[in-house]
Structures are given as structure tokens and as C-alpha cells.
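J.: These are the residues of each chain, in order.
There are 2 protein chains.
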Amino acid sequence: MNAIRILVSAAVMLSAIAMNGESIAPSHKENTCQKKMRERGYGMFIHFGMNTFNGMEWSEGKDPASLYNPTELDCEQWVRTARDAGFRYVLLVTKHHDGFCLWDSAVTDYDVASSGNKTDVVKAVSDACRKYGLEFGVYYSLWDRHEPSYKADDFSGYRKYMDDQLTELLTNYGDVCEIWFDGGWDRKPEDWDIPHIYELVKSLQPDCAMGVNNSAYLAEDDLSKNIYGSAGPDEMTGKHNVKFAYFPMDFRLKDPFIANWNDNKIYNVDGEDYYLPFEHTICLSKKWNWFQKEKPMETRDIDELEELFYRTMANNNTLVINVPPDQRGLMRRNEINALMELRDRIGISPAGKKLKHNTLKRPVSVGRACRASSEWDAADYGADKAFDGGVHHRWASRDTTAWLEVDLDPAKEFNRISIFEYMDEVMAPDGFSRKRANRITEYSIEALNNGKWETIYLSTDPMGDCKVINFATPQRAEKLRLDIRRATAPPSIYELSVYAAE
Amino acid sequence: MNAIRILVSAAVMLSAIAMNGESIAPSHKENTCQKKMRERGYGMFIHFGMNTFNGMEWSEGKDPASLYNPTELDCEQWVRTARDAGFRYVLLVTKHHDGFCLWDSAVTDYDVASSGNKTDVVKAVSDACRKYGLEFGVYYSLWDRHEPSYKADDFSGYRKYMDDQLTELLTNYGDVCEIWFDGGWDRKPEDWDIPHIYELVKSLQPDCAMGVNNSAYLAEDDLSKNIYGSAGPDEMTGKHNVKFAYFPMDFRLKDPFIANWNDNKIYNVDGEDYYLPFEHTICLSKKWNWFQKEKPMETRDIDELEELFYRTMANNNTLVINVPPDQRGLMRRNEINALMELRDRIGISPAGKKLKHNTLKRPVSVGRACRASSEWDAADYGADKAFDGGVHHRWASRDTTAWLEVDLDPAKEFNRISIFEYMDEVMAPDGFSRKRANRITEYSIEALNNGKWETIYLSTDPMGDCKVINFATPQRAEKLRLDIRRATAPPSIYELSVYAAE
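Line by line, the protein sequences are chains A and B.
Anchor point for the first sequence: position 484 equals 484 in the working numbering, and the numbering is continuous, going up by one each time.
Anchor point for the second sequence: position 447 equals 447 in the working numbering, and the numbering is continuous, going up by one each time.
Hints were generated in silico from the structure; no laboratory data involved.
You may find that some hints are simply not true.
For identical chains, the list gives no copy identity; a pair is met inside one copy or between any two copies.
Once the Cα atoms are required to be at most 27 Å apart in a straight line, the calculated DSS-like pairs of lysine-lysine come out as [to be verified]: (1) 286 x 452; (2) 412 x 356; (3) 35 x 287; (4) 151 x 286; (5) 295 x 479; (6) 295 x 452; (7) 353 x 62; (8) 151 x 36; (9) 295 x 354; (10) 361 x 36; (11) 361 x 295; (12) 293 x 479; (13) 29 x 356; (14) 452 x 293; (15) 287 x 452; (16) 62 x 160; (17) 118 x 293; (18) 131 x 353; (19) 354 x 118; (20) 35 x 353.
Chain A on its own, in the form it takes in the complex (with noise of 0.2 Å):
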């Protein structure tokens, strides 16, 4: 509590959005935080606090601040690193549903600053991006398990609690471009007062973009049966008219989940529609992990991480990348040495340059004809789900062989396939912590031609988080078939995209 204590009502604060109009609060097109979150585009998401000491991934607020430790803390190296991969801005956590704040906040002592390393992380880091030249935002969890006001009946002591934070963390730390609000699902929506939050943190930030996690109610996104899913409903027939849990709102939030090819990003809200990017997050890890833990982990695939890429920041939408640091306080050196192969991959420039978005274009796959040797269900798991642009729904087979085929326009040349396919999970010992296991072990790409098939890939190897196959040399097929000789178990597959060679 050595921090300056900043008193800033929040009533102070209501008129700033009016005051500053339609180009910040958002409308039917693209306002100017939107904007510049779009020329960010790609950036590091950094957790790392209480969760990084204890092992768990959503711990409960009652361990001791003493036992948040770092021993070699060294903000720069995430900063400089984040600038090596070519990120354009980080993304880091301040406090997460454990209460426990990486500042030295003048309403709480559970925090850095009553720790066993005194650091003012959200300092550094910012300081840090200012440095390196990247942009700087916060997430923040609504939900604080540790705070006692939170549990309080009446809400509002929690809600000025959050109001102070905000300032602070507004205030003290220079510009901040983006702000993540996670944990809303512990209360009921209005509990939080989104539309006092948004007005807050437009007067302090006007250029701050802000989101809101889980922000749409889409009872049909069960994280428990996928890995990857759509940030919204029914994204090929452009229907959007779904009810938003919190808004306002700068950007659509939905972790893990990935967007369709045809996300339009025109939302309908009592009868108005807003112009809404989505900002995907996704893990390094292989795990779908956050936090570090005491053993160093496997990265995704490099061919996993460039798809996703092309794949998030299509479409104008934004991808963050979650690289946490250990218990040194340090960023492993797998995870950097997978950052820098990943930049080499994507062909991306360190920070500065002007990104280069839509990178690949709409698989020519997507809506084309299609079908299967087999539907588990024809209607929730048709060979069409796996050429819907999207990775939400899926084609499952009846049978451990089987093939999945699409028509192609023979005119047009492909250089690149990629699948994802649908992977059985193991829960880790962690409770919380999943593994992916494939089923395809043996398959090829076959394509037709002039009436004759032909093998154009073949692999007895498993098939791998995401297969991304390259054709040296461009080719064409009036009709491509995924050949599947060899499963564990009725194979099912996400999305297989073909795109063209330009």
C-alpha cells in the first residue's frame, strides 16, 4: 500500500463517452480503438502471478501473498522476447480470479507488494513495452476470490473496489491499448454494471479496446467436448442475432475458441447492429494450460501454431499468444526457441513494420460439395461440417476407415492442405489440464483427375494436432479425398481446408 493512492470517482467518469462519441464507443463499423487493435493484431499474453507458485490453474485465493516468490524476475526478457517473436503488443494478467494483483494496489494487500518479490510487475512490464516499442494491455478477472468485500451482500463495496483498480491500473502505467475482463460467469451479468465499467475506462483510455470473456450466451459451446470452437453461432449464414451477456463492448471475447473464415463481425443488440472483431487467445503449450508450472512444457507443433495463425488473423480479427514465465520469473527457453520459429514461419518482422494481415485466403474448400464414407449423424456430424470454414462442428465416421472427399475446381491449383482433426482427451492429474490424443494413425490424400485417382500424400505417422501438408510444386483435383486406413477410433474431423496456390 506504498503506492500513491489515486481517488478518482467513477461517477466523475460517466459523461466521457458521450463526450467523446461514436469513433470510441461502438457502432455499426469499425471505431478507432477497433482499429488500432486491428493494426496490433498479434500479440503476447502473459500470465503469471499466484497460479505460477501453487501448481493450480485457478487457485482460491487463500494462499499466503508471501508465497508469490520469483527468484531471477525479469520483466524485460518477456518484453524483448514478445519483441524478438515479432508481437506487436502483450497482453498481461494483473490479477486473475485469485485476487492476487502484480501491482502495488493502494485498496488490497494481496498483492506484489506484500510478497517475497516487491517488483511492481504491471511497472515493468509496462515500462518494458515502452521500450521495446510495443503496445500494452491489462486483463483483469471480475471475478476475486480472495477479496472479502466480493462476498459481502451488498456488491457495491466490490464494485468501487473494482473502480479504484481500474483507475490505477488506467492511471499509473501510461497508455493502455487493450483491456480483458474474464470471470464474469461467477455472477449474474448485471451484477457487474458492464455499461458504468466500458464509460469508466473509455474516460480514463479513450483509445483503450475492451472485451469482455464468454461474452455471448451459446449454450451449444461445450468447452468440455472441444478443443477448438466458433466465437459465435450459425457464422456461415451471417445470423448474428444472439444475446450479448455484457455490453457494451469494443471486441467479442470467447477463450479457447476460434472464428469461422466467414466471421462477419456485424452483431445484432436490441435491435441495433455493432461492428464486433473477435480476439482469440490461444496457448503455447500443448496443454491447454495458462499458467506455468513447476516443469517445463511441450510447445504446440510449429505447423499447429502457423495454421492458427493464418487462421486467427484472417478476417481482420486478432490472436494473443499465451507465453507465461516460471517460477524464476523467467520465460523458458523452449518456448522462446519455438516463438522465433514460429515468427521464421510466418515470415513475420519484429515490431515496427506494419503486419501483414489476411496472410492466406479463404480455403477453396469451404461450401463446396462434399461428402463421406460414412455420418455418425448426418445431421450434427455430415461430411459438411468438416468444409464449414469453421473449426466448431465436425465430421464424425461410423467406422475406424473411412474417407471424407470434397469437389474441387480443377482449374484452380492448391498448395496447401491442413486438418484438424478431433482428438480424444486425457485429463491431466491437475483436474483442470487436458491432453489431446489422436485417433488417425495411416492416411493419404488422394486426387482425382481425368478419371484416375491418385495418391498424392501418404503418411503411416499419427496425424498430428493440426497436419499442414505443402506442395512444393501446385496441384489440382476435381474431387480431393482424405483417405483414412488406419484409427483408433471412428475418426472425426474438425475442419480439412485447401488453399489455393496464388
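Once you have looked at the hints, place chain B on chain A.
T.: Below, chain B alone, put in the same frame as chain A:
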């Protein structure tokens, strides 16, 4: 037997070698044809013939000539593929152990002229090589399971048969850059009269480089135990007092073994030193399988092919990769696609420009101090075997969890590690082909710097046939350790190579 019968007596040729002098015969330094061979460097090996149609690797010469019947034979497609893939020469199997000849031989009816497709394949391929700017070489099996004179009490009849056939091959098809003899093991070495054959070859084509497979007796090279192997004994120490079964010759052959990085090519034969480069022969397919089968086969991983290219082309040795056409008489698209990907990886330009040898320098890990968590047997399976520069000897652990460590110069940066793992082998139903099965399923690379170990690479995927780890940013280490966290059996490593960043 429609071809013009060429009657050139072998006796006429015997003085040719003397005529042409030391620049053609093997000596202590590179002769003319060895120099040209080095400059060619990278060739496509083509196995095609009776075994393409009977599903066997080594048939007995009893299939009727009519069984050979390619329906869409296109030798230009083969050579065009070789040209596009960056190969400099084609090495065609003109007669395998079954005795069936791919040209219209005047001395037998067991040839294409009596088959279902009468195209003279030797002519078609050599013509295509001239058209596409590649050199042309021939493989010829000494062993002949069909020709009746082979089994006669008087072997001179078969020797005459060979002289006639070799004369046809080296007279009727233009320049032949190389001749590759095989199958000598079926009789005593002296039966073949290799000095006579060498003289015959040189008299007809002075610049034709000649090699005989399994030139050296090496009892410890047991193919049933090793996929990879040494091209000669004791190559670390440079001692080469090996008895050659066949001499003279211009290059060593020991299919499919891989030479050591330290291969110095000087061999002592009967008290004289000879410069003898090594021609490597590998299959494009993952299975050790020379003739195409009815169904397409998976190719080796591009990582492994790339590493083998660097390793086999080093030291001015040469490499041929076998790409067998199928029963149509066409190369398969999945194999062509793999070749083009390899071409792009190794950055080789199509034939015409000078080939780059020695793309990767000798690994900095070769011969360095090393140790392991355990050794199956320190003498034969010590840690040093994994750093001896070759993929013949190997380190083997006593436990399924294990580590292998090498000291490096911390002042020198490295950016590439390759690991050849010992693999269990599964025999295919044909009783000849073998498939590799890895043991290591989870592993990391650890680097020691300033007294601290850090994980620089971590994988929970099976290691694969040849794991290559590239680092986008150079690394340093005082010690480097392969930490094997999970394996299905005690792991064993042929070679772990660390390459300097240059």
C-alpha cells in the same frame, strides 16, 4: 533379339586401361572419373523391372517375360522428375538378380523385347537424360537367377554373356557416367574376374566410374541389426587396412550404409594406397524397399532425407536416392511431391548449376567428451558411440529413462541438432521389407550455461526416424544433454550431432 548384335570380343579391350593410364585407374588421388562423379554428386536411382510386377524384392527369374507389362510407361516422366528435383544423374537398374533385361539384349530372350511392353527402357531413359541435361548411369547385377549359363559347370559361358551385355550397354546408349555392379556375393569374388570387367568398362567408356556393391569384407556389419551402418571400419582413426573383395574399382559401395563424417577415402589394397570415394544408396520410401509395390508407400520424413543429404554429400562423397516407378510405368505423385519438398529444403537448383557439396560442416559434437546415465556395455555401447561421427555404432542405455550428455565449447553457437535413434524393426509380410519402430516417446534437450541447466527443446511426440531440431536463434552450452523421459524400451542412439551456427 531384334537389336543389332554387337560382337565385340572382351579380349580386344584388355589393353585399354594401360592406354589410358593413371588418370583412369584408381590411385592414391582422385582420378578423372572420380572427379566427374564428385561434381555430379546427387543422382536418382531407378529400380524398375520384373519385381515391379510380382510384388517381390528379389524374384527367382522364373516369372515369364510377359508378366512385365507397364500400361502407361513414360520414361520421360521419370527423368523430368529427376531434373525438376535437382538430381544430376540417373542410375537405372538395367538387370536385377532375376536376370530380366530392360533393353533388347542380343544374348537373351528374357528381356523387354519379349515382354508385354517392348519399349527399350535403357534407350528411353538415356535419351531422356540427354534431352533434360542429366548424365546416365547403369546398374547391372552380376548374379543372374535366370540365365542358364550362370548355373553351368563351366562359368566361362556366363562370363562371355556378361561381356556381351556390358558391351551392349556401354556401346549402344551413348555416354554412361557410372556402372554399379551388384550381387557378387552369390559366388566367390574371384569368379567374376573384376580386373577383366574393369578393363572392359574402361576400354568402352574411359570416363565411366565403376563400383561393386559390398566391396569390402566387414564381418561386423550385420544388416539384420542396423538400418544405418558404416561404410568401412575404424573410420574415426583413419585405419583402413581392409581386404577388398573386388578390385579395381573407382568407388566404394555398401548399400545402404552411411559413411562416417571422418571418411578419408584412402584405403590400402595389397600395400598400395587408393583414393576411393563412397556412393551412398538410400530409398525414398520409409520401408527398406527398392521396387515399387502395388500400393503407394509412405516416403521418409523430409527431415531425415534432408539430414541424410547433408551427411552423405559431405566429404566429397555422393548420394543416389531410389525412386521406383509403379506398375503403370510412372513415378507416383506422393513420391514426386516429397522429392520437390526435399529440393526446396536443401535449396538445390535444377541440374545445370554446380552442386553445393559440404553444405553442413562436420558437427561440433564429434569426438567430444561425453557420458550417459548408464551404458548397456561400455566397450560396445558406450556414450562415445553417439558422438563418433557415424551412424554405425550406437550408445545403448540399461534403463528406459536415461540421459546422454556431451561437452561443447560454450564460445561456439549452434543452431541445429540431429538425432538418429536406434529403432526396433518389424518385418513386413513379404519377408524382405522392414519397418522401423521408435522407442523414445518423450524427451528434452537441456543446455548447461553458467552452472544452470535450461530446457531448450521439449517434445512429447515420438522421436521419429531422424529428429532434426532447428533453432531460429543460435544457442550456446557448456554441456548439452538429451534427457529421455519416456521410452517403450531402453533407448539407444546411433548419433547425436550438434551443428555450429555459421
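J.: Would you pick out the hints that fail for this structure and give their numbers low to high?
T.: 3, 4, 7, 8, 9, 11 and 19
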